[in-house]
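There are 2 protein chains.
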Amino acid sequence: MIFIDACFKKPTPTAPAWLMRQAGRYLSEYLATRAKAKDFIDFCRRSDLAAEATLQPVEILGVDAAIIFSDILVVPLEMGMKLEFERGAGPVLPRPIQNESDIDGLSDNAVDRLGYVYDALRLTREHLAPDKALIGFAGSPWTLATYMIEGGGSKTYAIAKKMAYSAPDMLHKLLRKLSDAISGYLLRQIDAGANAVQIFDSWGGALEKEAFFEFSWSYMLKIAERIKSARPDIPVILFSKGAGGYLESIGGDFDAFGVDWNTPIERAKNLLFDRYALQGNMEPARLYDKAAIESGVREIARVMGKADGYIFNLGHGMQPDFSRENAKFLVDFVHQTFAR
Amino acid sequence: MIFIDACFKKPTPTAPAWLMRQAGRYLSEYLATRAKAKDFIDFCRRSDLAAEATLQPVEILGVDAAIIFSDILVVPLEMGMKLEFERGAGPVLPRPIQNESDIDGLSDNAVDRLGYVYDALRLTREHLAPDKALIGFAGSPWTLATYMIEGGGSKTYAIAKKMAYSAPDMLHKLLRKLSDAISGYLLRQIDAGANAVQIFDSWGGALEKEAFFEFSWSYMLKIAERIKSARPDIPVILFSKGAGGYLESIGGDFDAFGVDWNTPIERAKNLLFDRYALQGNMEPARLYDKAAIESGVREIARVMGKADGYIFNLGHGMQPDFSRENAKFLVDFVHQTFAR
Chain Y
1 MIFIDACFKK
11 PTPTAPAWLM
21 RQAGRYLSEY
31 LATRAKAKDF
41 IDFCRRSDLA
51 AEATLQPVEI
61 LGVDAAIIFS
71 DILVVPLEMG
81 MKLEFERGAG
91 PVLPRPIQNE
101 SDIDGLSDNA
111 VDRLGYVYDA
121 LRLTREHLAP
131 DKALIGFAGS
141 PWTLATYMIE
151 GGGSKTYAIA
161 KKMAYSAPDM
171 LHKLLRKLSD
181 AISGYLLRQI
191 DAGANAVQIF
201 DSWGGALEKE
211 AFFEFSWSYM
221 LKIAERIKSA
231 RPDIPVILFS
241 KGAGGYLESI
251 GGDFDAFGVD
261 WNTPIERAKN
271 LLFDRYALQG
281 NMEPARLYDK
291 AAIESGVREI
301 ARVMGKADGY
311 IFNLGHGMQP
321 DFSRENAKFL
331 VDFVHQTFAR
Chain U
1 MIFIDACFKK
11 PTPTAPAWLM
21 RQAGRYLSEY
31 LATRAKAKDF
41 IDFCRRSDLA
51 AEATLQPVEI
61 LGVDAAIIFS
71 DILVVPLEMG
81 MKLEFERGAG
91 PVLPRPIQNE
101 SDIDGLSDNA
111 VDRLGYVYDA
121 LRLTREHLAP
131 DKALIGFAGS
141 PWTLATYMIE
151 GGGSKTYAIA
161 KKMAYSAPDM
171 LHKLLRKLSD
181 AISGYLLRQI
191 DAGANAVQIF
201 DSWGGALEKE
211 AFFEFSWSYM
221 LKIAERIKSA
231 RPDIPVILFS
241 KGAGGYLESI
251 GGDFDAFGVD
261 WNTPIERAKN
271 LLFDRYALQG
281 NMEPARLYDK
291 AAIESGVREI
301 ARVMGKADGY
311 IFNLGHGMQP
321 DFSRENAKFL
331 VDFVHQTFAR
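Line by line, the protein sequences give chains Y and U.
For the first sequence, the tail end lands on 340 under our numbering, and the numbers increase by one without skipping.
For the second sequence, the tail end lands on 340 under our numbering, and the numbers increase by one without skipping.
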């Protein structure tokens, strides 16, 4: 699997490529699969449908890795939090975490309740070509905590930040509980067939540097360490959106660093590539235009050259209004451009 | 005026302090003033009320500079765009820019139509203590363009970015038109009594590095150059939110760089302080807690020391749920901490 080789900085015939949120609404096949489910949560819980959505972009785009179709919020859901997805409105958690007893009330059995994800992984791995990697994933403790505290998405993260600055012990208690659940969840995903795991810290950049390392990065690292000590053969990829200003202080035991589009790839290369594989970071909006795709890929190739340990990806997720044709063009162009 | 001295890196008895969005809903006096206006646009157009709101935080908090109360969207408004502020929903521009003829249709007379802002500046300067600076401001061309193209705020800037990558000439045409208006607007603000001007590039960080310099920073610099060549005595402050990863490439003719909270102040100091005054960058959420305020200010003081050319500010704006007591505590604590 060239994706796994690249995570371990071993030689590969070209740069492996996959796209964050590659199973998504820009694909008519995805919409057809989704239509078979009652609602979005049902979609996540239906292992057969999740496996179907996971496999689609591999067949359609020729990417080198599939990422299991799911949502980061299945962890809070199975910890017992009420969760609703309203069309076009994003997730809503109508009974957010407000105090210690809310945290105490979270179930410790989420890892066991997430069997539908493990089933989807097993089913996907059965149908996936042997040279294609299957990626498991989870949200970071901090990112999940923001949803659980804010009761949904947020522009300012005011409630979660207020807790960080005025009740840090309470926040740490929640983050520890989440870290335990996420570690167990990822290990079970590996048992079920995931060849690599990625932690998505979508809102890491909502924290200033000091707070980022205290409330987000340290927990991501603890999870990575637990996985690496149990399963050193499985690459761990960490992706913190918006942490580009903090790279000087990044370290610890993981394999690949996901670079967002807001972080110049040259900066990531200079600061991290001696120790980590790098994954990323084309600006997703370049998908709107083929010439912009070409210049974006060429610019990354100019910086990274054909060095081992580079994985092509976007710097953020695919958007619903992107074209499948341009996505396919992108993957082909990457494979050509980085061919050794 | 210690604020102006600091912008020019001259010695000051302590670090001057002001807070972005210091005239805001966290102050009951502001709410009382706002209640006298019909709606938010009327508030911006009523020079007497704008001056009143501008002066309040100087009296209440003891900040060293007042920033004229207004909104960056008065420029598109006076270029002829329909603009609505609905309570709690943010600005809406119901007829966004979609093609070249929409751009051609924008009025060239906005600078003359903004007389109410100049009147507010004159009125404020009359009532402001002579040692307090009055700051004029405008949004950056790119930031205004995003509102004008998206028809309001945006999470992904998909429409504006699509234009950047697939119709860059059209976007440049709009940005040139905006730059002309903004340059004229800021010069007229200076004529009316502004002692310094700041350009707010709130959405600069929505662009990847290459696009940031092409579509945002280059236009901010052109405006700065026009102001500096006409009025070298007036400090120009540039603030691009989210551009912390791009500091290695920052240069040009302006006086002070505004540092957002997402950019470590140490990084800004290392890369920019030899050439520019620095303003910023305490995480606003620290306002929720006095101990967090103290440690935030002390951390900046540890990095910046008592060097001339440092202006205290937040790394983003004040929020409606902040307490005036903590804001006052912050300003006093800054003045004490940085006293020579």
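Just so you know, these hints were derived from the structure itself, not from any lab.
These figures come from a predicted structure and were not determined experimentally.
Do not take every clue at face value.
[Claimed, not checked] Covered stretches of chain Y (chain U as the covering partner; in silico rule of three or more C-beta atoms under 8 Å from a C-beta of chain U): (1) 158-172; (2) 234-246; (3) 280-291.
[What the hints assert, rightly or not] From the structure, some residues in chain Y lie toward chain U, with a derived Cβ separation under 8 Å: (4) Ser28; (5) Gly205; (6) Asn262; (7) Arg267; (8) Gly305; (9) Asp321; (10) Glu325.
[What the hints assert, rightly or not] Taking lysine to aspartate or glutamate pairs in the DMTMM-like style, the calculated list, with each CA pair at most 25 Å apart, reads: (11) Y:Lys290 with U:Asp169; (12) U:Lys162 with Y:Glu84; (13) Y:Lys155 with U:Glu86; (14) U:Lys38 with U:Asp119; (15) Y:Lys228 with Y:Glu299; (16) U:Lys162 with Y:Glu299; (17) U:Lys269 with Y:Glu266; (18) Y:Lys162 with U:Asp169; (19) U:Lys155 with Y:Glu84; (20) U:Lys162 with Y:Asp321; (21) U:Lys155 with Y:Asp321; (22) Y:Lys269 with U:Glu86; (23) U:Lys155 with Y:Glu100; (24) Y:Lys162 with U:Glu214; (25) U:Lys269 with U:Asp321; (26) U:Lys290 with Y:Glu100.
Beta carbons: idealized from backbone N, C-alpha and C, even for Gly.
Status of the hints after comparison with the structure:
no. : hint                   : result
1   : 158-172                : holds (count 6)
2   : 234-246                : holds (count 4)
3   : 280-291                : holds (count 5)
4   : Ser28                  : violated (20 Å)
5   : Gly205                 : holds (6 Å)
6   : Asn262                 : holds (6 Å)
7   : Arg267                 : holds (6 Å)
8   : Gly305                 : violated (18 Å)
9   : Asp321                 : holds (7 Å)
10  : Glu325                 : violated (14 Å)
11  : Y:Lys290 with U:Asp169 : holds (17 Å)
12  : U:Lys162 with Y:Glu84  : violated (31 Å)
13  : Y:Lys155 with U:Glu86  : holds (17 Å)
14  : U:Lys38 with U:Asp119  : holds (19 Å)
15  : Y:Lys228 with Y:Glu299 : violated (33 Å)
16  : U:Lys162 with Y:Glu299 : holds (19 Å)
17  : U:Lys269 with Y:Glu266 : holds (21 Å)
18  : Y:Lys162 with U:Asp169 : violated (44 Å)
19  : U:Lys155 with Y:Glu84  : holds (20 Å)
20  : U:Lys162 with Y:Asp321 : holds (11 Å)
21  : U:Lys155 with Y:Asp321 : holds (14 Å)
22  : Y:Lys269 with U:Glu86  : violated (45 Å)
23  : U:Lys155 with Y:Glu100 : violated (32 Å)
24  : Y:Lys162 with U:Glu214 : violated (37 Å)
25  : U:Lys269 with U:Asp321 : violated (31 Å)
26  : U:Lys290 with Y:Glu100 : holds (22 Å)
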